[in-house]
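So you can see what is in the structure, the chains are spelled out below.
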Amino acid sequence: MTTTESAPSTEYRVIGTNPVRPDGVDKVTGRAVYGADVRLPGMLYGKVLRSPHAHALVKRVDASKALALPGVHAVLTNADFPEPLEPVMQTVRGPQPTRWDTERILAGRKVLFRGHPVAAVCATDPHVAEDAAALIEVEYEVLQAVATLDDALAPDAPILHDDGLASLVDGLFDPVDGKPSNIARQFTLGFGDLEAGFAQADIVLERQYETAMYHQGYIEPHNATAVWNRDGKVTIWTSTQGAFGIRQNVARVLNLPLGDLRVIPAEIGGGFGAKNVVYLEPIAALLSRKTGRPVQLTMNRTEVLEATGPTSGTRSWIKVGATKEGKLLAADVRLEFEAGAYPGSPVAGGARCALGPYVVPNQRVVGLDVVLNRPKTAAYRAPGAPAGEFPVESILDELAEQLDIDPMELRLRNCTALGMPRSDGAVQGNIGAREVMQAVISHPHYRSETVGADIGRGVAMGFWQNGGGESSAYAMVHADGRVTLVTGSVDIGGQRAALAMQFAEAMGIAYEDINSLVGDTDTIGFTGNTGGSRTTFATGWAVYQAAMDVREQLEQRAARIWECAADEVAYDPSDAALHGPDGKVMTFKEAARRLPGTGGMIQGQADIVSTNVGKVGACFGAHIADVHVDRETGKVTVLRYTAVQDVGKAIHPAYVEGQIQGGAVQGIGMALNEEYVYDSNGRMLNASFLDYRMPVANDLPMIDTVLVEVPNPGHPYGVRGVGEVPIIPPLGAIANAIHDAIGVRVTSLPASPRVILELLDEQAGGA
Amino acid sequence: MTTETGRPALEARDALDERIVVTATINGDERSWLSSSRDSLLEALRERLQLTGSKEGCNNGNCGACSVILDGRLVNSCLVMAAEVEGASVTTVEGLARPEALHPLQTAFLENAALQCGICTPGFLVASSALLAQNTAPSEEEIRFWLAGNLCRCTGYDKIIRAVQQAAEEVRTGVHRSPIAGTGTHGAEAGVESNTAIEGE
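Residue numbers (my numbering), protein chains in the order written: chain A, 633 to 1399; chain B, 46 to 246.
Be aware that one or more of the hints could be misleading.
[To be verified] Where chain B lies over chain A, by a calculated footprint (3+ residues, C-beta under 8 Å):
| # | region |
| --- | --- |
| 1 | 751 to 762 |
| 2 | 888 to 899 |
| 3 | 1085 to 1098 |
| 4 | 1313 to 1327 |
Keep in mind the hints are simulated off the structure, nothing from the lab.
Every residue gets a Cβ at the ideal spot worked out from N, C-alpha and C, and that includes glycine.
Bound conformation, chain A alone (with noise of 0.2 Å):
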């Protein structure tokens, strides 16, 4: 059952509806140009070597072999990238030094995860260009892998980053009791008295947790596409969530002038953060260089398992305390993450995230940024957000339990409000959190009884800050009255239909009369990416921006026709038409139609910062899951689920939808199936889809909405974004409802039938 828990609004004529997307038909005729789809004239194929340790010294590469080969145009090595201009590189995880990002491409002295790439080659045929890479000798010198994060905290451990590159930035891998370490960074959130806070509480509670490594598996593996012209001018197709980020990263690398490097975002097959970075590109092009040709390289699947960026595996400990009536009075966090082989795991997410939903006058959050030889870290959805408030989830259901209080009102008790501060010392704005748990309580699923044996429920909650930052839009106006709508937000799942509905909205216009498409880094001003849940908001800004500056010029242009002033004409969206003095009327149609012989077409524009023009809306949502744990086998199985958010105002709201069950399908993932297996060599043992179990059709109920509008007042309709929390919740209300049914506390992630049946064994030793 899908609900929708606002005031049915007439306002709208356009928000509200669910058109089908713009690029749907391409979609679902195979028509879609997705990366590796690209194909080029001349176009030559390439292959990374990788390395099969997770920890050595590359002292020797021999291509000449491969280089023999018929077919075989180019070899490249890390040799051959120009040694930075720029010494340290600005992330978003902190600065570091720009040589990592090199090494991480292509590695330098060192191989820091198995899969590391040594080596590319290219030829004119993809299975030549397997055959080459087979060929290419490599020396290593192999030692010890650092592959747990226990390896890597000790005192001996083996030092990752050992080359002095990490004494250019401040702060990074501080020398542990004197001694290198392999903690990156170390940081302290909070405010308040935790040791008073301790002392007035009535209950403490202390437990440990754990969450696996997981990719964000994407159906579409990595690709880039690339022509390094003999202008100098370099194109690279690939599908990533943001040109601009990627034009950025690969001049960097590759010391190109930003006007030089023109990033065209192909149609994308999943991302969820992880297609922010750059793996094959800066390769592509220097191979391109080399042979005059276009050169294509994309992934196999056991590339991307092994070296793309997944989300740290971490460990969590957590100290609550509360009053008897369950109000929390101090809550003291520790969260470690492994980063991977460089610095730059997303445990400040987690940190800013863990406490979010709920106000805790003491509070203390640290945060471990820990290297290990596993493949570098990058975002995935709430990046750090699932792990770092599965542990307070799960401990706010275990008080609700020795409190006797119904855990979804152990946690209204304790909601967060409008300018509560967080744990960073940002303010609660104007959100739903409130409303939200209030529509958990009332809601027949949670109403309802468990009937049966091993049956359980449990509840969880998500927050998430949500994106702003840049976009850009343009909005051009044809003389039979249809709009092209250029934006810079790569579509990954629907940007086009609610962008457009947006602009279709604010001039009163039909979504069908707007043609709405994406830029490249040449053709649209510069845009973020598609993620951290900031495109309908932000862009939507940019395009809601671009309508207004449209309007403004039609105005001017209906009072020249009019030969009256431009303030004596008004654009009302709700007629789509131009209002002068004396009652005179021109439609938006009939403007348009008019543009060509009084002074020309005219074009709309807008390049916003969020920040100039509104205010993020942060997200919540609450998660309720009925399971049944099979005693026998240990396994889960999920029966009933319904994802509750505060969505601001849903744009379109079937895509609203598809974006909570998509995440919380996720999370059912990290919380039962998935997770990275390594062997104490650094191995991965379970490198296919096959072994890495995401969840498929089978496995899961329909996933029920409720979508709660409490609208965002810093934008123009009250967007939220709502991509990014659904994952959170999954984790804690899937293990507080397993301890439901069967009476066992899951504390490490997955709860694969494993861990049930160890849990199971120990419950009945211990009866």
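Given chain A's structure and the hints, the job is docking chain B onto it.
Chain B only, in chain A's frame:
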């Protein structure tokens, strides 16, 4: 110290890498092409025939994004050698629509918001068409089990299942829904169906 090369048995390459002419009926057209004996059907479709609608997600039969129909059977084209389709008939996603209209599944996927990124969509459409060819009244459970070999990471499957149910109804009743329009509310209507209503079908 160790020296590694990726594949020691590479000397056998020449013997493996024979050039062969393959002739097959692809989406109703007889096509002949030059393939490497190492080409999978998926590679032949994508690289030799420029039919890039079939997608490579895993290249080992686990994701279903390359699903095609080979002589009436649903297969993963990455697990079929190109040489095996000599004389056979292959239908890919590019062959689902008729010249005048989309396949009911294609329309239903659009109207039910059953795709987000769209990379798995060709595989789901082909696999679902194979289901409807043999069962025009599949239960929710039958659809879920039939599609268990197709991975989707965006949707959580909910809207895909509903889209297949809608298309099945259209195939069963012979009533083709109205052509795609921009103001459709089908997605919302489909979205408010409850679980229990679906289980009863």
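Against the structure, the hints:
1. 751 to 762: Coverage by chain B holds for the region 751 to 762 of chain A (3 residues, Cβ < 8 Å).
2. 888 to 899: violated (count 1)
3. 1085 to 1098: That given contact is violated, which follows from only 0 residues of the region 1085 to 1098 of chain A lying within Cβ reach (below 8 Å) of chain B.
4. 1313 to 1327: holds (count 5)
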